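Participant: Chain residues, written in single-letter form:
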Amino acid sequence: MITKRIIPCLDVKNGRVVKGVNFEGLSDVSSPVSLAKYYSECGADELVFYDITASSEGRALFTDILTEVARTIFIPLTVGGGINTLDDFDRVLKCGADKVSVNSGAIRNPDLIGEAAKRYGDQCVVISADVKRVNGEFRVFAKGGRVDTGMEAISWIKRCVDNGAGEVVLNSIDTDGVKGGFDIEMLRAVTNVVSVPVIASGGAGAVSHFVDLFRQVPDVSAGLAASVFHFGEIKIPDLKQELSEAGITVRI
Amino acid sequence: MIAIIDYGVGNLFSLRSSLDMIGAESVVTSDPETIRSADKILLPGVGAFEDAKRKLSESGLDKLILELVAGGKKIMGICLGMQMLFERSLEYGEHKGLGLLSGSVIPMQGTIPEVLQIPHIGWNRLNVVSEHPVFKYTKNGDYVYFVHSYYASGCEDSLLATTDYGINITAAVAKDNVAGMQFHPEKSGECGLNILRAFAEW
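Protein chains in written order, with our numbering: chain A, 1 to 252; chain G, 1001 to 1202.
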């Protein structure tokens, strides 16, 4: 049966991975290529690269790095950050990305998902949503989670999927950075209404949080995290071993 | 030399890179003479069957492939490229495939348990049912990466491996000089590179 996926997310700024510590056997934690290789060898099922560069020089550097990663790592790569047009899709797909994650770009231009899905296929288009509770409802936030769009999140995500998004990354702003566990309630609300894979993001602080995630929301396909992996607080081989012992199917 | 057929469908960067990685010489091409002179053919593909088949036909590459395969050249299809090896596909209507293998490509919708998500995206295990040179380095239970909503059916005579997604889904096929992988070997880590290595040595 298909396995639950574990996905490290690498934020890249000016060609370097933001935050992290050095692991044994990894000389340069801020090199996207060596960190990606390290994760791939540790058993990461997929990698997400997020371009948080604002400048065009940084953007060019990012695509160079992506190309280099795709030349050496042979697991699925998802790329996000600054994806606003079909040209942006084209730019990162040509460098070896398999899936492209859109966030604010889909909020600004609601047709982007449909157009991209038509050109590259549903499997290529990921809707990434930053969601936060406001006055008792789930709201979509834009611009890296800073701006409340006023849109109700569950129906927004469902609409994106109906338009052709083949996967959802749900990032809970409420649990992000708290390290108290994934946002089970929010994830259930989303998995209940969409039939495509949902990737949980925001809140992982311990191995047990991943066990809880897959037990309590069996429809979730993957767990994504950044700093707990980069700081070595959770080691992917240990995480997968414990998930397997808890009866959750993972690739080991 | 392996010719990776470029007919305007999908991203060939990773496939090319993975062949570089294992030291197999390859070229991404749509040039008939280059394809003719290659030792083997890789037929990739993502997206919709009808569109991909039309592009292959419009370029005349479908006829060239049939001619070369009839002459004994080895071919391996990947994902949609594998599906095109069959007689027909029922993806949005009925469309004719290359007919190099017997069987039809049918939707998962309605055949797999309803609780399972479509597309089938992620890592799943190979249940190897017969032996073949392209599986020289492959072990039963190896994990490979799938992304698809349709699968080949009625292909018992070429079945190499299945995967469990509620039902047995065709994962790999091979008969004579024709092979196909439903998953993406170029995205399946070491297990995938092993299959490409075996293909290069086939």
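Calculated from the structure, these hints are not laboratory results.
What you are looking at is a predicted structure, and each value in this text was computed from that prediction instead of being measured.
Just so you know, even glycine gets a beta-carbon here, dropped at the ideal spot from N, CA and C.
Be a bit skeptical, because a hint or two may be false.
[What the hints assert, rightly or not] Under 8 Å between C-beta atoms, here's a sample of chain G residues computed to sit facing chain A:
| # | residue |
| --- | --- |
| 1 | Val1046 |
| 2 | Glu1050 |
| 3 | Tyr1092 |
| 4 | Ile1121 |
| 5 | Asn1124 |
| 6 | Asn1127 |
| 7 | Ile1167 |
| 8 | Glu1186 |
| 9 | Gly1192 |
[As the list claims (entries may be wrong)] Cut-off 27 Å, straight-line C-alpha distance, at most; resulting in silico cross-link-like pairs (BS3-like, lysine-lysine):
| # | chain 1 | residue 1 | chain 2 | residue 2 |
| --- | --- | --- | --- | --- |
| 10 | G | Lys1055 | G | Lys1040 |
| 11 | G | Lys1040 | A | Lys94 |
| 12 | G | Lys1055 | A | Lys118 |
| 13 | G | Lys1040 | G | Lys1073 |
| 14 | A | Lys235 | A | Lys37 |
| 15 | G | Lys1073 | G | Lys1063 |
| 16 | A | Lys13 | A | Lys132 |
| 17 | A | Lys132 | A | Lys158 |
| 18 | A | Lys37 | G | Lys1136 |
| 19 | A | Lys143 | A | Lys158 |
| 20 | A | Lys37 | A | Lys179 |
| 21 | A | Lys179 | A | Lys132 |
| 22 | G | Lys1055 | A | Lys94 |
| 23 | G | Lys1040 | G | Lys1139 |
| 24 | G | Lys1096 | A | Lys118 |
| 25 | A | Lys13 | A | Lys118 |
| 26 | A | Lys37 | G | Lys1139 |
| 27 | G | Lys1139 | G | Lys1096 |
[Said to hold, decoys possible] With the Cβ distance kept under 8 Å, some of the chain A side facing chain G (calculated, not the full set):
| # | residue |
| --- | --- |
| 28 | Arg71 |
| 29 | Lys94 |
| 30 | Val193 |
| 31 | Val196 |
Participant: Can we keep the Ile1167(G) interface hint, with Cβ of chain A closer than 8 Å?
Facilitator: violated, 11 Å
Participant: Given Val193(A) was flagged as interface, is its beta-carbon under 8 Å from a beta-carbon of chain G?
Facilitator: violated, 13 Å
Participant: Does Lys158(A) sit within 27 Å of Lys132(A), going by the straight-line distance between their CA atoms?
Facilitator: holds, 16 Å
Participant: Does Lys1073(G) sit within 27 Å of Lys1040(G), going by the straight-line distance between their CA atoms?
Facilitator: With Cα atoms ~6 Å apart, Lys1040(G) and Lys1073(G) stay inside 27 Å; holds.
Participant: Are the Cα atoms of Lys143(A) and Lys158(A) separated by 27 Å or less?
Facilitator: holds, 20 Å
Participant: Are the Cα atoms of Lys13(A) and Lys118(A) separated by 27 Å or less?
Facilitator: violated, 30 Å
Participant: Go through the hint on Lys94(A) and say holds or violated, using the shortest Cβ distance to chain G against 8 Å.
Facilitator: holds, 7 Å
Participant: Given the hinted pair Lys1096(G) and Lys118(A), is their Cα-Cα distance within 27 Å?
Facilitator: Roughly 22 Å between the alpha carbons, so the hint for Lys1096(G) and Lys118(A) holds.
Participant: Is the hinted pair Lys1040(G) and Lys94(A) satisfied, with a Cα-Cα distance of at most 27 Å?
Facilitator: holds, 24 Å
Participant: Could you check if Glu1186(G) really has its C-beta closer than 8 Å to a C-beta on chain A?
Facilitator: OK, holds: Glu1186(G) within 8 Å of chain A, min 6 Å.
Participant: Below or equal to 27 Å on CA atoms is what counts here, so check Lys1055(G) against Lys1040(G).
Facilitator: holds, 21 Å
Participant: Between the alpha carbons of Lys1040(G) and Lys1139(G), is the straight-line distance 27 Å or under?
Facilitator: holds, 24 Å
Hint compliance for this structure: hints 2, 3, 6, 7, 25, 27, 30 are not met, and every other hint is.
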